[in-house]
Amino acid sequence: MKGFSLVELIVAQFLLTVSLLASLAVNANTQRFSLDTTQRIVALKYASSVLDQIASSQSDTAAYQAHGLGGAIIPINHSCINTPCSNRHFVNYQLALFNNQLLGKGEKGRVNGLVKPIACIDVHPEHYLVTIIVSWLSRSSINSSLDDIPATCSLLKHSQLQNRKYVKLTRVIRGH
Numbered sequence: 277m278k279g280f281s282l283v284e285l286i287v288a289q290f291l292l293t294v295s296l297l298a299s300l301a302v303n304a305n306t307q308r309f310s311l312d313t314t315q316r317i318v319a320l321k322y323a324s325s326v327l328d329q330i331a332s333s334q335s336d337t338a339a340y341q342a343h344g345l346g347g348a349i350i351p352i353n354h355s356c357i358n359t360p361c362s363n364r365h366f367v368n369y370q371l372a373l374f375n376n377q378l379l380g381k382g383e384k385g386r387v388n389g390l391v392k393p394i395a396c397i398d399v400h401p402e403h404y405l406v407t408i409i410v411s412w413l414s415r416s417s418i419n420s421s422l423d424d425i426p427a428t429c430s431l432l433k434h435s436q437l438q439n440r441k442y443v444k445l446t447r448v449i450r451g452h
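Just so you know, we're using the numbering used here here: the sequence shown kicks off at 277 and counts up by one.
To be clear, the hints were calculated from the coordinates, so they are not data collected in a lab. Among these hints, one or two may not hold up.
No more than 25 Å apart at the CA atoms, straight line, and that leaves these computed lysine-lysine pairs for DSS-like [unchecked claim]:
{"no.": "1", "residue 1": "K321", "residue 2": "K278"}
{"no.": "2", "residue 1": "K444", "residue 2": "K321"}
{"no.": "3", "residue 1": "K392", "residue 2": "K321"}
{"no.": "4", "residue 1": "K384", "residue 2": "K321"}
{"no.": "5", "residue 1": "K278", "residue 2": "K381"}
{"no.": "6", "residue 1": "K392", "residue 2": "K381"}
{"no.": "7", "residue 1": "K381", "residue 2": "K321"}
Here are the simulated distance ranges between beta carbons [what the hints assert, rightly or not]:
{"no.": "8", "residue 1": "L297", "residue 2": "S416", "range": "19 to 25 Å"}
{"no.": "9", "residue 1": "A348", "residue 2": "E402", "range": "27 to 33 Å"}
{"no.": "10", "residue 1": "A304", "residue 2": "G382", "range": "26 to 32 Å"}
{"no.": "11", "residue 1": "L300", "residue 2": "N358", "range": "47 to 53 Å"}
{"no.": "12", "residue 1": "T306", "residue 2": "A348", "range": "19 to 25 Å"}
{"no.": "13", "residue 1": "E402", "residue 2": "L300", "range": "52 to 58 Å"}
Every residue gets a Cβ at the ideal spot worked out from N, C-alpha and C, and that includes glycine.
Build out the structure end to end from the sequences listed, making use of the hints.
See below:
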């Protein structure tokens, strides 16, 4: 007898189907983790950039206190890149730019943004402590306790956190 029996063909087809389904599941998990990693990198990049700007700014550190960032695009009416700005205009410019970058819009066009971002900047001038929290929508649930989110970031604390992740950066910055 030459060839394969029907039972052997069915078993081979079953094994091939199972291996293809396993391969698809691995691919889906890889894409999910890749998206989460990209979102985390973008959030860290923008939060770190704002912390550096606050540290090097001549403005009062407390002026950077902001909550509810990431909700909607903030129009930038006065750019501080090539034109002189007052300290207050410069703070407003930086906060609007940070907000818009989280949403994927830079001053010169599109940039990498986050999926439904929420951010806050919490400033404690008496302790010289600045905390930036950036949250984004994810496919998996939050991976840490909400106890370390400052009470002043109430929008973030009380929003739908079931499928959100966040990064938190804190730095001691001497006030100006």
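Each hint, compared with the structure:
1. K321 with K278: Violated - the C-alpha atoms of K278 and K321 are around 64 Å apart, more than 25 Å.
2. K444 with K321: Since the Cα atoms of K444 and K321 sit roughly 12 Å apart, the hinted pair holds (cutoff 25 Å).
3. K392 with K321: Since the Cα atoms of K392 and K321 sit roughly 17 Å apart, the hinted pair holds (cutoff 25 Å).
4. K384 with K321: Since the Cα atoms of K384 and K321 sit roughly 18 Å apart, the hinted pair holds (cutoff 25 Å).
5. K278 with K381: Violated, because 66 Å separates the two Cα atoms, which is more than 25 Å.
6. K392 with K381: Given pair K392, K381 holds - Cα atoms ~13 Å apart, limit 25 Å.
7. K381 with K321: Holds - the C-alpha atoms of K321 and K381 are around 15 Å apart, at most 25 Å.
8. L297 with S416: 19 to 25 Å: At 21 Å between Cβs, range holds.
9. A348 with E402: 27 to 33 Å: Given about 32 Å between the Cβ atoms, the range holds.
10. A304 with G382: 26 to 32 Å: At 31 Å between Cβs, range holds.
11. L300 with N358: 47 to 53 Å: At roughly 51 Å between Cβ atoms, N358 and L300 fall inside 47 to 53 Å, so the hint holds.
12. T306 with A348: 19 to 25 Å: This hint is violated: roughly 33 Å between Cβ atoms.
13. E402 with L300: 52 to 58 Å: Holds: the Cβ-Cβ distance is about 55 Å, inside 52 to 58 Å.
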